Amino acid sequence: MNREYRDIPGTYVMDGQHCRKGYHLNMFCMSLNKAENRDEFRKDEAAYLEKFKLTDEQKTAVLERDWLGMLRLGGNIYYTFKLAIFDGRSMQFVGGAMSDVTEEEFRQMMVSGGRPVEGNRSKKEQEQSNG
Amino acid sequence: MANIVTGIGTSHVPSVGAVIDNGKEQDPYWKPLFDGYQPARDWIQDNMPDVAIVVYNDHASAFGLNLIPTFTLGVAEEFPPADEGYGPRKVPTAVGDPDLAWHLAESLILDEFDMTIANEMSVDHGCTVPLSIMFDKPEQWPCKIIPLCVNVIQYPPPTGKRCFDLGKAIRKAVEAYDKDIKVAIFGTGGMSHQLQGERAGLVNAEFDQSFLDRLTTDPVGLTKIPHVEYMREAGSEGIELVMWLIMRGAMGDDASETYKFYHVPASNTGAGLIVLEDGSQK
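Sequence order for the protein chains is W and H. Residues 0 to 130 (numbering that gives the first Met the number 0) make up the first sequence, in order. Residues 0 to 281 (numbering that gives the first Met the number 0) make up the second sequence, in order.
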C-alpha cells in the first residue's frame, strides 16, 4: 500500500491503522452528540470516560484537552472537535492549540489568507531546506 | 422525463450556518462572503428545481466509525437536522422524495454502484449549510431533498474518478425517471482546508481557483487528481472536493458556468461557490 501521505507534515491521516488506534477515543467524542451524555460528562469527566475503552494516555489527553495529543493517539479532528464544541471552543482556538499559536493569532493568519502551502508540502522537502 | 438542469458546488462550513441562523451576515467578517453568495441566491429563485440531490459528507453525526458506508442514499420521507453537539440547527426538516430516491437506488445498484440505502438518517451541517447558502431561512426548504452521503473522513474516500462516474450514472438514472421534473445536484465540501495538526489552517487559493475553472474546462483532468495531491495541496480536509465531481459527472459534458465566486476565509476554509447549467437547457 502506498502511504506517500505520511510525508505530509503536521497531518494525521485517518487510515486503517489510525482508526484502530483511536476507535474508542473517537467514539467517546461522538457520544457527546447526545444531550444526556453531555450532561453526564459534565458532572464527572473521568467517571464518564470509564465507560469507554480508552488507554490511560488517551484519557489524560482528553482530560487535559491536549488537542494535538489526541490526534497522535488516534483521534480524528471531526470527532475530537465534538469535545471542543462541548467546551464552547472555536475551530480557531483548536487550530491555534495544535499549531502552537493563540486563537487570535490563528484567526489573523486565516484572515491573511491562511497557512501557505509553500514550505508545508513535504517533510522531505522541509528537511532538505533545513539542511 | 426528468432532467438534471443545475449543478451547484459549494463549501459547507458549519460557522456559515451559524451566521445565517443568528442573522450575522452583515458583520464585516462575513459580509464579503454573503455578498458573493447573493447572485446565486437570486438566480436559484428564478430557476427553482423540484428536487435537489445534495452530495455531502456526514461529520460523525448520523454515522460513526462503527459503520462506514462509502456512498449512502437517503430514501426516507424526511431527514431531520442532527444534533452535532450543540443541539440541532433550527432549520426545516428536509422533505425527501422517496419515489425518485428509490428509483435512483435501484438504478444505481443495477448499474454497478453499490449504494447503501438509508431509511432513517439525520442530516448535519454538511447537508443543511448548502441549503441555507442557496435558500436562506425559509419556513420550509423550497424543494424536495435527496441526501447522498459520501465517506471522506475515513481514508480512503472514493476516488475522484469513481465519484465522477457515479455522477454520470445518476444522470442516466434521472433521465430514465418517468416524471417530468427538474432536478438540481449539489456537490459540497472543501475547498482547500486543513482542520487538524500542526498544519491546521492551510489554504491554497491557487489550487481552489484552478479547480473551479477546470470544472467547466477540464473535468476529466480533475478526476485524475490522486488523494495524496488533494491532501498535500488542498489540506487533509480538502479531499472533500471529490464530492464536487459527483455533481460534475451528473451534469452534461457541455454544462456551462453561470456563476462562480471564491473567498478566503470562511472560518478555516477557502470557500467556493459555482453554479453550472446543463447545456441542453439554454
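Derived from the structure by calculation, the hints contain no laboratory data. Predicted model only: the values in this text are computed from it and were never measured. Yeah, the Cβ is synthetic: ideal placement off N, Cα and C, and Gly gets one too. One thing to keep in mind: the hints can contain errors.
Unchecked claim - Only some residues are given here: those of chain H computed to face chain W with a beta carbon under 7 angstroms:
no.	residue
1	A75
2	P79
3	P156
4	I180
5	L194
6	G196
7	R198
8	V202
9	N203
10	L211
11	D212
12	V227
13	S235
14	H262
15	S266
Here is what the structure says about each hint:
1. A distance limit of 7 angstroms between C-beta atoms decides the matter here; for A75/H the minimum to chain W is near 19 angstroms, and the interface restraint is violated.
2. About 13 angstroms separates the beta-carbon of P79/H from the nearest beta-carbon of chain W, more than 7 angstroms, and the hint is not met.
3. A cut of 7 angstroms between beta carbons decides the hint on P156/H: the least distance to chain W is about 10 angstroms, and the hint is violated.
4. For I180/H, the interface hint is violated, the least distance from its beta-carbon to any beta-carbon of chain W being 34 angstroms, above 7 angstroms.
5. Because the closest C-beta pair between L194/H and chain W is about 5 angstroms apart, less than 7 angstroms, the hint holds.
6. Taking 7 angstroms as the C-beta cut-off, the interface hint given for G196/H holds, the closest approach to chain W being about 4 angstroms.
7. A least Cβ separation of about 3 angstroms between R198/H and chain W falls short of the 7 angstroms threshold, and the interface hint therefore holds.
8. At its closest, the beta carbon of V202/H sits 3 angstroms from a beta carbon of chain W; the interface hint therefore holds under the 7 angstroms criterion.
9. At its closest, the beta carbon of N203/H sits 5 angstroms from a beta carbon of chain W; the interface hint therefore holds under the 7 angstroms criterion.
10. Annotation: interface hint on L211/H violated; nearest CB of chain W at approximately 17 angstroms, more than 7 angstroms.
11. Given the 7 angstroms rule on beta carbons, the hint for D212/H is violated: about 18 angstroms separates it from the nearest Cβ of chain W.
12. For V227/H, the suggested interface contact is upheld, since its CB lies about 5 angstroms from the closest CB of chain W, less than 7 angstroms.
13. Checking S235/H against chain W: minimum C-beta separation of about 5 angstroms stays under 7 angstroms; hint holds.
14. Checking H262/H against chain W: minimum C-beta separation of about 11 angstroms lies over 7 angstroms; hint violated.
15. Restraint check, S266/H versus chain W: the minimum CB separation of about 6 angstroms is within 7 angstroms; hint holds.
Consistency with the previously given hints fails for numbers 1, 2, 3, 4, 10, 11, 14, ordered from lowest to highest.
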